[in-house]
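Number of protein chains: 4
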Amino acid sequence: MSDFKNITDLLIKFRDERDWEQFHNSKDLALAISIEAAELNELFLWKSNEAIDKERLKEELADIFSFALLLAEKHKLDVPSIIKDKMKLNGKKYTVEKAKGSAKKYNEL
Amino acid sequence: MSDFKNITDLLIKFRDERDWEQFHNSKDLALAISIEAAELNELFLWKSNEAIDKERLKEELADIFSFALLLAEKHKLDVPSIIKDKMKLNGKKYTVEKAKGSAKKYNEL
Amino acid sequence: MSDFKNITDLLIKFRDERDWEQFHNSKDLALAISIEAAELNELFLWKSNEAIDKERLKEELADIFSFALLLAEKHKLDVPSIIKDKMKLNGKKYTVEKAKGSAKKYNEL
Amino acid sequence: MSDFKNITDLLIKFRDERDWEQFHNSKDLALAISIEAAELNELFLWKSNEAIDKERLKEELADIFSFALLLAEKHKLDVPSIIKDKMKLNGKKYTVEKAKGSAKKYNEL
Numbered sequence: 001m002s003d004f005k006n007i008t009d010l011l012i013k014f015r016d017e018r019d020w021e022q023f024h025n026s027k028d029l030a031l032a033i034s035i036e037a038a039e040l041n042e043l044f045l046w047k048s049n050e051a052i053d054k055e056r057l058k059e060e061l062a063d064i065f066s067f068a069l070l071l072a073e074k075h076k077l078d079v080p081s082i083i084k085d086k087m088k089l090n091g092k093k094y095t096v097e098k099a100k101g102s103a104k105k106y107n108e109l
Numbered sequence: 001m002s003d004f005k006n007i008t009d010l011l012i013k014f015r016d017e018r019d020w021e022q023f024h025n026s027k028d029l030a031l032a033i034s035i036e037a038a039e040l041n042e043l044f045l046w047k048s049n050e051a052i053d054k055e056r057l058k059e060e061l062a063d064i065f066s067f068a069l070l071l072a073e074k075h076k077l078d079v080p081s082i083i084k085d086k087m088k089l090n091g092k093k094y095t096v097e098k099a100k101g102s103a104k105k106y107n108e109l
Numbered sequence: 001m002s003d004f005k006n007i008t009d010l011l012i013k014f015r016d017e018r019d020w021e022q023f024h025n026s027k028d029l030a031l032a033i034s035i036e037a038a039e040l041n042e043l044f045l046w047k048s049n050e051a052i053d054k055e056r057l058k059e060e061l062a063d064i065f066s067f068a069l070l071l072a073e074k075h076k077l078d079v080p081s082i083i084k085d086k087m088k089l090n091g092k093k094y095t096v097e098k099a100k101g102s103a104k105k106y107n108e109l
Numbered sequence: 001m002s003d004f005k006n007i008t009d010l011l012i013k014f015r016d017e018r019d020w021e022q023f024h025n026s027k028d029l030a031l032a033i034s035i036e037a038a039e040l041n042e043l044f045l046w047k048s049n050e051a052i053d054k055e056r057l058k059e060e061l062a063d064i065f066s067f068a069l070l071l072a073e074k075h076k077l078d079v080p081s082i083i084k085d086k087m088k089l090n091g092k093k094y095t096v097e098k099a100k101g102s103a104k105k106y107n108e109l
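Residue numbers (the working numbering), protein chains in the order written: chain A, 1 to 109; chain B, 1 to 109; chain C, 1 to 109; chain D, 1 to 109.
Please keep in mind that the hints were generated in silico from the structure rather than gathered at the bench. Just so you know, not all the hints are guaranteed correct.
Since copy identity is lost for identical chains, a pair holds within one copy or between any two.
[Claimed, not checked] Think about it this way: if two alpha-carbon atoms lie no more than 27 Å apart in a straight line, the pair counts; the simulated BS3-like pairs of lysine-lysine are:
hint, residue 1, residue 2
1, Lys74, Lys13
2, Lys76, Lys98
3, Lys98, Lys58
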């Protein structure tokens, strides 16, 4: 079985032990991801690009992944597939010729 | 090889073809995750909890996972491990006895 | 003197007493605004649209305004002017005929 | 009349011409603030601290202020008052003695 499914199953078990599925509508799961993403950002606030606490980084990244996996599971999405599909789309917006070495957004290339 | 490593390798290949690693410092990768999380939130803005475009959901979730996997790879983190570690921590903050059926944050339980 | 300038002067005084201007580059001020916006969102997480703690709402909104006013001041922006300019722009994207009673984004009208 | 009330009245008028109040529940207004804050952050993504487009900065800051003023108005909040109240609170968490010249969060001082 896939590693994505394995870890998602553990997250589902944790959620169901606490009878939390009732709160996990899609809008609130998306909101939770963004709140955790902001907690990750906070580790870097006023600081330089790499000056951070690795233990806190692990915790905040774990929280982001957790809610993202729960939202993916709710919609029966295969995570590697949706990533590959998006890479295909991004490959057209950011062709190697146009985008190599550039940080510009696709509509500015 | 783990599915997490497989998909991360594809993301690394996409990044390196475009010589983008130079931009991928930790602070900007975290920033990118939060920007994508906001784009996901935007699908739900002014709408009800489940009234969304599934194709857009897949794209925005894919973007969140992509930057999160790149940040995890940059710090050589094993994603299932950091999630399990965080679940252990969360299990203490949110014991089944105290947290079952409750949406309260741990410091309000 | 304008009320915006009065309250901004108090924020500047608070900042300078603590010798914090050195940290207040534009990127970090923007980051701070988004972190506070996420703390505001957190008051609503798993909850219904109006079920919140008014005292916490005041505190988080105050934080958002504080960093936004500091960023505006840094760039010598007159806040009412930039809002009116944006309303002019929005008035064209969201004409009354097309947008009345609709929650659609302008590119979907 | 206060400058805050003046500009808020214009925002209310814009909203009511389009019959948009029906969408402006507190949770969605908070969500809108965070989405605009992310659009502001995006101006700095992969870039240095001051390397930005000033016109875009004005637009995104204006959007943040607009939704924040609408949320404040919805709860009948006086913006300068809530900012002063928060500064009082912050003054205790970040006394000049402890916090001067430091970027540390209050619980790390």
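Going through the hints against the structure:
{"no.": "1", "hint": "Lys74 x Lys13", "result": "within (14 Å within a copy, 29 Å between copies)"}
{"no.": "2", "hint": "Lys76 x Lys98", "result": "neither (35 Å within a copy, 30 Å between copies)"}
{"no.": "3", "hint": "Lys98 x Lys58", "result": "between (34 Å within a copy, 26 Å between copies)"}
In the structure shown, a violation is registered for the earlier hint numbered 2 alone.
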